[in-house]
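Chains as they are written, first to last, in the working numbering: chain A, 1 to 452; chain B, 1001 to 1070.
The hints are simulated quantities; they were obtained by calculation from the structure and are not laboratory data. Hints may be right or wrong, so weigh each one.
If you only want the chain A side, here are some residues facing chain B, beta carbon under 10 Å, derived [claimed, not checked]:
{"hint": "1", "residue": "Thr84"}
{"hint": "2", "residue": "Ser248"}
{"hint": "3", "residue": "Gly316"}
{"hint": "4", "residue": "His344"}
Each computed EDC-like pair below joins lysine to aspartate or glutamate, with the alpha-carbon atoms no more than 16 Å apart [said to hold, decoys possible]:
{"hint": "5", "chain 1": "B", "residue 1": "Lys1026", "chain 2": "A", "residue 2": "Glu238"}
{"hint": "6", "chain 1": "A", "residue 1": "Lys183", "chain 2": "B", "residue 2": "Glu1023"}
{"hint": "7", "chain 1": "B", "residue 1": "Lys1026", "chain 2": "A", "residue 2": "Glu324"}
{"hint": "8", "chain 1": "B", "residue 1": "Lys1022", "chain 2": "A", "residue 2": "Glu182"}
All C-beta atoms in this analysis are idealised placements derived from N, C-alpha and C, irrespective of residue type, glycine included.
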Amino acid sequence: MEVKLAEAAAVIKTYITLKKITLIIVIFAFAKAYSQQDSTLVYKKRVLETTEIDFLTSYYTQNGDNAAVSGGLGTEELTDITGTFIISIPLNDDDVLTINAGISAYTSASSSNVGAFDDGPADPFQASSGASSGDVWSSISGNYSHSSDDRNDIWSVNLSIANEYDYFSLGFGGSYTKLFNEKNTELSISANVFLDSWTAIYPTELRPFGNGGDGLNNSLFTQNTITGNSNYAPIFNEFTETGRNSYSVGLGFSQILTKNMQGSLSLDIIQQDGLLSTPFQRVYFVDVTDSFIDNFQLADAIEQLPDTRFKIAVGGRLNWYLNEKVTIRSFYRYYFDDWGITSHTASIEVPFKISNKFTIYPSYRFYNQTAADYFKPYQTALSTETFYTSDYDLSEYNANQFGIGVSYTDIFAKAHLWNYGLKSIDLRFFQYDRNTTFNSNIITVGIKFVHD
Amino acid sequence: MIKKLVLLTFIGTFLCSCVVVKEYEKVTINDPDMALADKKCDKNVTTMHSYREAAAGANGGKTGGGCGCN
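So that you can see chain B by itself, here it is in the shape it has in the complex (with noise of 0.2 Å):
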């Protein structure tokens, strides 16, 4: 059940965007902290995670390979 509501919140917010931005009223989309990827100080985070989880992908890190883990 949680995950068809998680499923239908996605997408239902990407259907429902019919909104162009435009280069000039994306003030604060451009803010880094809006960034749609980890940041780069975060790195060796996620690569600990890659060492210790099973999980990997879907996040930009590592999906196996360069190392012992995954």
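The following block holds chain A by itself, in its conformation from the complex (with noise of 0.2 Å):
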């Protein structure tokens, strides 16, 4: 009897073993089955939501006593607008389209004395009238971006297209990038091409001694009384080559440090060939005797430069999240090119979040460059040289740059202008400074909105 009973207890034991083994597995298998059908279920979030729009502006307005339009010597005075939309589509989860038009007008003292003697006594510090006061520059580009299902690889194409009046550019290229390390670590490679093409406009004075002129005989000159040395003989050849190429490779690494430190590094190769000199830039050469029209001194010639340039930039940006209020982003640059320029170029901006919504982003800048080899100060060049320029924009200088700006941000984007909801408004004004008499500012209005 109890021999049974003995066998019968190890029976039950064997049963609930069994139930609860039979138990185990089947948790098992659906948990198995569960989490397999789940890491099916990969969730890919869009690289850009939805259509976003930002309308950019700026005013811009500089001066100085160096123009290169007038040898060195003159009225830089320009002043300058912008307009510019920027629209990213998603064209769907992994790729976005984004176009950028923009418009550039501008009226410029120092560029209208390209032709000096349009009206009035000519004079360098005085701006003349006629089609060399102003120009519109207008362009549009476009770049097509391709991410992968992971995010890991992105892949983009773009072209561009600018036109002014002397001047038309053609510009592609593209470029991959590789996220890593938990997309902690970030490597790009880039190329860019542009084709550019001058229509050359020379100082009024020289054209008469281009191709087909009729040299002093000009009514410029027969019209004009020439002070000075009036046997007035520049050196000047109109240029047989117009166009002007730019090849550039890019390479860039980027790394999170910590959770509230990351940092860049990225090369610039660039190389140039083409007419690098600029057609209207007048020169004056110390061992020839100046000749005049009114106050206005006749160009020796005009700038002559290589037609080649190779120039290398290295730069690093390091970003540090302080706190919830102070954030601050800093760059450094050196670059030098085969001219003889080097330069160093350092800033730091320091964003200040004074409430959900507002920022302010006061910034310095400093920035110097060494002159080019060819770069001669007003008056200074030898007829006898090859190459020489007065552009004082290739002469040695410092620069320091003030920028006080505010930021509205709403993330939410509540106002709404038709179907788009405003996302934020940027506002910065920079003062720029130079060394020598240039000085600038410019201030700049950005709006972004985004469709509902």
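Make the complex out of the two chains shown on their own, each in a separate frame, by following the hints.
Following this line, the structure appears as structure tokens:
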């Protein structure tokens, strides 16, 4: 009897054990099935959720006494107004098309003196009327980017066209970006080509000495009196090459350093060839007797620069999220080229959040450069030299730029214009001063809308 | 000397980084002010620099072409 009871107990125990095992197997099977089902549901966030439109506008003014148009002596006064639309359209989960269309209109006392004798007494410090006193630059570009499903690979291609009265540009390029290390590290490579062409505009007094010109018999000289050296004989040949090509390759590396800090390094290698001189920039020789009409010194020549230029720029950024209020953004760049220019650029910006919606942006930027080998200040070039320019943008100088800005951001984009919500408004002002006579100011406004 | 110090600081900073920050820890890294690029509204300022200064590149801006600058 006791044996039977023991056998029955063993059977029951075995049954219970089997039941437990079966239950565990069933639970594991369900768990496995569920986890497999879950692993097939990879959530893929759209690269860009909705269409975004940025409108940018700026008002720029500059002044100085070293206009390149008048050989390094004359007003550099210029004002420029720009308007740009940048529209980013998500084509699907992975692809984004960005179109950038802009227009810029300037009036310039400096470039007006390409034709300094259009009206009234000619003077390098006075604006002249006429075709060269202003121009409109217009541009359109497109960028198409594709991201892989895991968002670790990004390819993009771009195409751009820009046009102004004496300059046309066609550009194209592409880039590839690879993210890894759980998107903590990013490597990128890019390449761009610009195929540009000049419609060469020369200083008025030189045109009679160009192809088919009538020299001193031209009405400019018969209707005006040449003072100083009346036997005016400039060195002038029209440029036969009017194309300018630029090729660049860029490498980028960025790294998240901590939860609050990230940085990047970048390298750009640029090769340019073609007409790198600006056809309407005068040069005055120290070894040639001066000729004048009114107060305006007649050009001895136009600037002559080599037809190739090789440039390298190395830059780094380091951004630090100090706390909920303050972020520090820093940038440094070292640049050099085979025209003898080396340059340092350093900037710091400290965004300060004063509320959930408003941030202020104080900034400072320092820039310096050495002079190009071919730079000669006003009336110091020799007529026997091969290359010369009196463009003070290629001279040695330091520049300081102070900036202040304010940004309004509404992450919910409550305010509306048709079907577009207002996401942000940025207002910035920058004051730029060289240690020469040049200074400039720029006010920029940026408004971002997002489609509902 | 200053150049070497800047270079060493950058190299040291990057090489010392062995922390992997997870996606859910990137709240501050993803703050718009932490972007490793100029803000869009500064585009025209960068363009102004490329017109008036000899140096260009390594800042996300244009490296030449497209206008009479550089």
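Okay, the hints, checked on the actual structure:
no., hint, verdict
1, Thr84, "holds (7 Å)"
2, Ser248, "holds (4 Å)"
3, Gly316, "holds (5 Å)"
4, His344, "holds (9 Å)"
5, B:Lys1026 / A:Glu238, "violated (59 Å)"
6, A:Lys183 / B:Glu1023, "holds (8 Å)"
7, B:Lys1026 / A:Glu324, "holds (14 Å)"
8, B:Lys1022 / A:Glu182, "holds (7 Å)"
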